[in-house]
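K.L.:
Residue strings, one per chain:
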Amino acid sequence: MHGNTGKIALIDLTENTVESLMLPEETYRRFMGGSGLAAKIFWDRADFAADALSPEALFMLMNGPLTGIKLSGASRMNATARSPLTGGLAESSCGGYFPPALRLAGYDGLIITGKATQPSLLLINNGIITIEDAGSLWGKGILECTTDLHKTYGKKSTSLVIGPAGENMVPFACILNEAHHAFGRCGMGAVMGSKNLKALVVNSEAKELSFADPDRIKAMTKELTPRIKNHLISQVLHDFGTSGNLEGHMYSGDVPVRNWTSNFDEEMGDALTGSTLSDRFLKKTATCAYCAVACKRIVQVDEGPFALDEGPGPEYETVVAFGSLQGSSDLAAVCKAGRVCNDLGMDTISAGATIAWAMEAYEKGHITDEQTGGIPLLWGDMETVVNKVLPMMAFRKGKLGNLLSMGSARAARASGGNSLEYTAQSKGMEAPMHDPRGGHGHALSYAVSPRGACHVQTAMHFMETGACNYPVIGFEFDLEALTSEKKAETMVLAAAIGSIENSACLCQFADRSLTLPEIVELINAAAGYGYDVVSMMEAGLRIFHLKRCINYRFGFGASDDDLTPRLKEPARDGDTAGIEIQFDEMKDRFYELMGFDPVKGIAFRKKLESLGLKEEADDIWPQTI
Amino acid sequence: MNMSQYYKDAEDLYKIYGYFLDRVLRDDKIGLKMSKAGIIIKFMYTDPDAEITIDLKNPPSKEGYYGTVYMGPCNVKEDVWSKQPADHSHRFWHGLENPIAGITKGIIKQGGKVTAMLKLLPVIKPAFQLFPVALKEMGLESLIVTKK
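First to last, the protein sequences are chains A and B. Here the first sequence stands for residues 1 to 625, where the numbers follow the numbering used here. Here the second sequence stands for residues 1 to 148, where the numbers follow the numbering used here.
The shape of chain B in the complex, shown without the other chains (with noise of 0.2 angstroms):
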């Protein structure tokens, strides 16, 4: 049963995520920094299920891009991997959710070679205020959290 109280379903996460990825991959500032890291990550959702897959290692399969991003399982082995609740992940990328504290609790589960993907966190930063932003272009402002 989902739980999730921003996702209706994994179909319904890989649309939102697909569009907001497909403009970080494209941002010559983020996704240039983030391609520095020449890594391969998958993130892994409970409540809905599903996996995201965001290639850095190799090539991009698209001119203009500074990554690949697979929706769904895919054949492409991950160097490392972090399994979270949707929702958490959700209001991680609106900048609300401390992601040190996240792996202290266990709500973040990790593992392969972390140490690479804690130094994204940094460079993903400026992301938090695309989030909300890819969300209002998509019309679902209604998702947008705030700070309580």
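Only chain A is shown next, with the shape it has when bound in the complex (with noise of 0.2 angstroms):
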């Protein structure tokens, strides 16, 4: 096998055991890698009866057939499990320096079950596995964590660490590598804290990986590259990191203001975007395995009450969350607490946007000091955010601790009036940075995608937005960000070129340099799949289905692709105030054309036997329908 190692490990907590899969070369050709391979995976060996936080629950990582070529933003990695948040499929992807590691060591990924006896790591020691006692770290920051494993490991080595949030199940707790690079959503920590499994080190001294045609990788690589680093989007993440355009984006209706009670504040788009950033607390940047882009930032605050050493600084998505979304524009206080969630382990767009929620909830008489055990939750109030409601949150302590650990949809059901109805999620994980109502393709994306609300699961922000052009696949037209039109078949489209990326393991911003006959190429030339743009177009969508199988195997069906009653609402103010969302004008066309069953929500048989899914089929539908 090239590109792939064509070897996955089988890890048995419980039983303290490692053994190999080998799985057929058709099946690595049909799902993938990443997060496609790991969803057939799960389909095939996932106890569906099991809780998420049980030892029967799978946990799993997994590369992608680009993974370790030198190229910007093609190694990055999948985990995939069932969500402790959502109760559904759960899946997330990180870049960092973890997943090259990985395939030198010559696993493609890891299934992990079992729970350990205690507080362990796994060891990955030039392809040997071990589970070690990791006694020592459990109850450490992530930062503190990382930095023991590489004085135990070597400066070499590199590691996934989950911190307190993971080790107190939060259903929303994060994993690490290298105290910066998130799997951030769905509560991958949690699943890693229920199983005492703090930390994941891999060392590799092996240098060199097997392509299927390596002169072309080498050509495609040195092509490709300046190609990627002179793109417009590169420039602005590299010169201002990923909230480079965040004054911009407030200008469309993009960026949430207040728990979405509001998408237009000038002033907090000037203080919160990246040249404010860059101009008042960058020191570097920093970068993913073998990128050119570098829009990581290394931020260092010097005075006030949220100084902070220099270290990893905040994403787009943790710039809103802990900026406008809690009414604050406040930029000093965003990098404390972007610092204070990746220490503990807690993804900051589900905590920050629980938050969020729970200030307006406080205003509105829906939590009350009692609840909060006297801590007054007030718009833009961030040094009790950062002093009191992180901690309390990761530790899971008090009663405010406890309430928001929950994430926003279920402390709104423990919660009085109609708080649900402005949460801001979608089959129960809050939505990402992107205000729909700036973006009406984001509603029918964020409600559709299988993970919950999301806008990376698919392409839709980016094609909705202008930074795709497909012409091979006949998306060559621009879209009207404010109303649905084309929206349902840009979305047929958008979900089988987001399950490519994050099956190949592509990175969302570098890829917008390639086109589609780029990709086929570069997977070709890595792993040999012999793809065409439409056999991998093809497979894509094969992904997404096997996805929605996946969640309807769960009890999903189509009541659930739906958004809160806030994010439906009209906005209030600036450019896209009153204009309605055709949602679901959106979602019954998008059914239509994906030929779902409109109360399962999934595809029908015939459907799903077209795109080479027979055994799920018969799993699924009656041998007559």
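Don't read these hints as lab results, they were simulated from the structure. For clarity, every value in this text was computed on a predicted model and none was experimentally measured. Even glycine gets a Cβ: it sits at the ideal position worked out from N, Cα and C.
Derived list of chain A stretches under chain B, where covered just means 3 residues or more per stretch with a C-beta under 8 angstroms from a C-beta of chain B:
1) 229-240
2) 247-254
3) 457-471
Distance ranges between label pairs, derived from CB positions:
4) A:Lys283 - B:Ser61: 34 to 44 angstroms
5) A:Ile128 - B:Leu121: 49 to 59 angstroms
6) B:Arg23 - A:Lys155: 51 to 61 angstroms
7) B:Tyr70 - A:Glu476: 34 to 44 angstroms
8) B:Gln5 - A:Leu378: 49 to 59 angstroms
9) A:Lys151 - B:Asp28: 57 to 67 angstroms
10) B:Leu121 - A:Glu476: 17 to 27 angstroms
11) B:Lys29 - A:Gly417: 33 to 43 angstroms
12) A:Glu25 - B:Lys105: 31 to 41 angstroms
13) A:Pro471 - B:Ser142: 29 to 39 angstroms
14) B:Arg91 - A:Phe48: 46 to 56 angstroms
15) B:Lys105 - A:Glu208: 35 to 45 angstroms
Using the hints, build the complex out of the two chains.
P.N.:
This is how it looks when you write it as structure tokens:
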């Protein structure tokens, strides 16, 4: 096998055993790798009755066919499990340094089950996997733990670590690589915590990988690197980070303000945007493996209540979640909140969104002083958020910590009034910081994404903003952001492309420079799949449909493909004020185009079979349908 | 051969943009915000071929303005340049073209400090309302483009 190593480790933490799983090459080709391959393995091996945090639950890490090639944005990795936040399929993507290190150690992925009897870590040392004691690390923050692991296993080792939030099984706990790169969403950190797994460490001395056409890989890397580096998006990311165009997004109605009650605040846009971050706090940039873009920020806050040593800085999502969404334009507070979340191991989107919801609920009297333990939850009071609320959430401390650690949807159900209506989520997962009222395609994308409200599971975000042009599949038209026109049709393509990106484990920023034929060529040169654009797009759709089938097995249906009222109500100010999202119209048309059953929310047997999902169709549909 | 729907020739383009940019660079909100960019931008057009340079870096040559405009080739060295068909620019100033899509499709070419120019996009958005007003004031209502 090329590109892929053909070897996946099966690790049972209860039995303390490690075995190898060798899948047929055809399975790799059909499901590509990353999230697609993980979804197929999940379908085949998961116990669908098992709770997300039970020993029986699967936790998987999976590389893509390109992982390890020395090209910007090609070495991400997927994590897959059942989500403790949504109860459905969980998937998350991470860059950093762990993915190529695991590939060089000889593995495409890891499938972890069981529960260790004591805090443990998984050590992958030149291909040998052992389960080690991690008692001395349990309870430590991610920053300290990562430093300790480097001291123990060497500077060249790289790790995935959970923090106290993961140990305490907060359902939106995350996993961090090098205390900077996150498997942020869906609560993967809690899944690791439930298995008593504090960290994974990999060390590999291998330097070379096997590719189907190494000369072509070399030539393409040489050709594509300068193009990716010089692309407008890359330049903005390099100069100002992922929040580089925040002020521009603010004008287009994309940036939520005060728990989505507004999507326009000019002053906040200026105060929080990436150039302000660069001017005030940037010390240097940082990267994922082999990336020339360097969108990561290293920041330092010299003085004030949020003073901070030099270290990882906030991404766009963190800037908004702990900035405008909570009614704050204090960028120093954002830097501190992001760092605290990283150390505690909490997803900044879900944590920030849950706090913003709580601020509104407190203002409305739906959360009382009795429930907060006397801690006032006031818009923009970031000292309280940073110093009190975040640690309470991670440690599930007090009534407030317990309430907010559930995430916004469950916390709302446990609170008063109509507070569920003004959560901003789908399937229980908080929406990322892109307001669907500034781009109506987002509304559809958030609702039908298998993992819950998400802007990276499909390519809609970039297709709607004009950052994509795919003439080879007929997508060469401009979309009007504030209408439903062509959104369902685009969403079919976006679902396939998003699945390709997450299965090939490509960075959705860097791959904006690539055409679909170039992605095909890269995958073929690396893994020898023999794709053309049509078969690659078909694989993308196959993967998307499979994920929908997994959610169906978990009890999700068409009615779960929805947004909360807050996300669907017309915007109140800015250029997007008063414009209705035609949500039902978009969803109905998308269902029609995808061949979905209007109740079950999955494709009918014939459609599934046409995509090569016969076994899956047999499991779901009676023979007659 | 000039293929423009809106401009007879470069002189025609300079006349229209001269009037419009005069308004923009005197505008206390838009002009002031533009001046904070502190850059020199060269807009190059095709069909008809033309060049406009806006200096937001040096002190304005005229009182009451937040920048200086040069119509036609000049010796002022730009920090960033952008090249596009004049008709595309005409629709852009009506708020009818997505500049990101224009760049993605290669309709707009750019060079230099492009991130600095990108930061101007939200700043100039209010000027989209001024452009049709300027055309009307010039008696050129027929050049006003409406959304299809």
